[in-house]
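All chains, please: the whole structure from these sequences, using the hints.
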Amino acid sequence: SRLVKYMPEIGVTIVEFIDNSIVLTNNHFLDEALYPKIVSPIRKIHDSGVRLKKIFNPMIEVGKMAAILEGLDVRYDEFAIDETVKRLDRLSKVIDIPETDYTACHNDLLADNFILIKEGFEHLYSAPMYIIDWEYAGMSTKYYDLADMFQEILVPREAERRIIREYCEDIDFDKTLYHIDLSRPFPDIYWFLWSLIQLSISKIAFDYYGYGKTKYENALRNIEFIGNEYKVTV
538 SRLVKYMPEI GVTIVEFIDN SIVLTNNHFL DEALYPKIVS PIRKIHDSGV
588 RLKKIFNPMI EVGKMAAILE GLDVRYDEFA IDETVKRLDR LSKVIDIPET
638 DYTACHNDLL ADNFILIKEG FEHLYSAPMY IIDWEYAGMS TKYYDLADMF
688 QEILVPREAE RRIIREYCED IDFDKTLYHI DLSRPFPDIY WFLWSLIQLS
738 ISKIAFDYYG YGKTKYENAL RNIEFIGNEY KVTV
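For what it's worth, my numbering labels the leading residue of the sequence shown as 538, then goes sequentially.
Misleading hints may appear alongside valid ones.
[Stated by the list, open to error] Straight-line distance between alpha carbons at most 30 Å, and here's what the computed DSSO-like set of lysine-lysine pairs gives:
no., residue 1, residue 2
1, Lys601, Lys590
2, Lys712, Lys590
3, Lys630, Lys712
4, Lys590, Lys768
5, Lys590, Lys623
6, Lys591, Lys574
Think of the hints as simulated: they come from the structure by calculation, not from any bench.
What follows is the structure, encoded as structure tokens:
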């Protein structure tokens, strides 16, 4: 949306209010008619050539979260945190995408961050879909960005494949799917660790433990999946 005022000295950005719109839910990602509108702004970000100052290296960011959690001096023996982080480190070496190949990414593409302009009002805006909440934006791999989205919206595999095909415009589909699949455990473990940190420091009434536990279990399932699907064992 249109920039109204930028005040970096106090860390504030004011943008145009997007009226005549709806916030997407996970169910919207089951509607194939919306796929062009959903992937267009994502692809625009990834193909923009914009260079952001922040580097969001998935493995390094997971390591940072693990270090913060360790510094809080809390124990969660029900989770194999150290071993899981080591497994992700090994997986990162398999993925092996150098930071020089990173693209501008949002890094938090949950459904709530997609704003769809209502039918009949598209002429008032420059695009039919907007992405908001850029707190975690930085240079990363486009595969991590998409993997993070899929681990949030949790649609069936066939819906994922259709969204990916729309995104890559049927070019390098298998390569794109492969790298997205290998990237899946990283956002889940990142948000798992984040949730345990929030459990210790946040005053917001939210089931951080339950959210984190689900993320952890999803990550382990995806590590098992890539072992079965691609024979990548970590």
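Hint-by-hint comparison with the structure:
Proximity of lysine 601 to lysine 590 is assessed by CA-CA distance (about 18 Å); at most 30 Å being required, the pair is judged to hold. With a C-alpha separation of about 28 Å, the suggested pairing of lysine 712 with lysine 590 holds against the 30 Å cut-off. With a CA separation close to 17 Å, the supplied pair lysine 630 and lysine 712 stays within the 30 Å bound. With a C-alpha separation of about 36 Å, the suggested pair lysine 590 and lysine 768 falls outside the 30 Å cut-off, and the hint is violated.
Taking the CA atoms of lysine 590 and lysine 623, the gap is about 27 Å. The hint holds against a cut of 30 Å. Between lysine 591 and lysine 574 the alpha-carbon distance is near 27 Å, which keeps this suggested pair within the 30 Å criterion.
The structure is inconsistent with hint 4 alone, although it conforms to all the rest.
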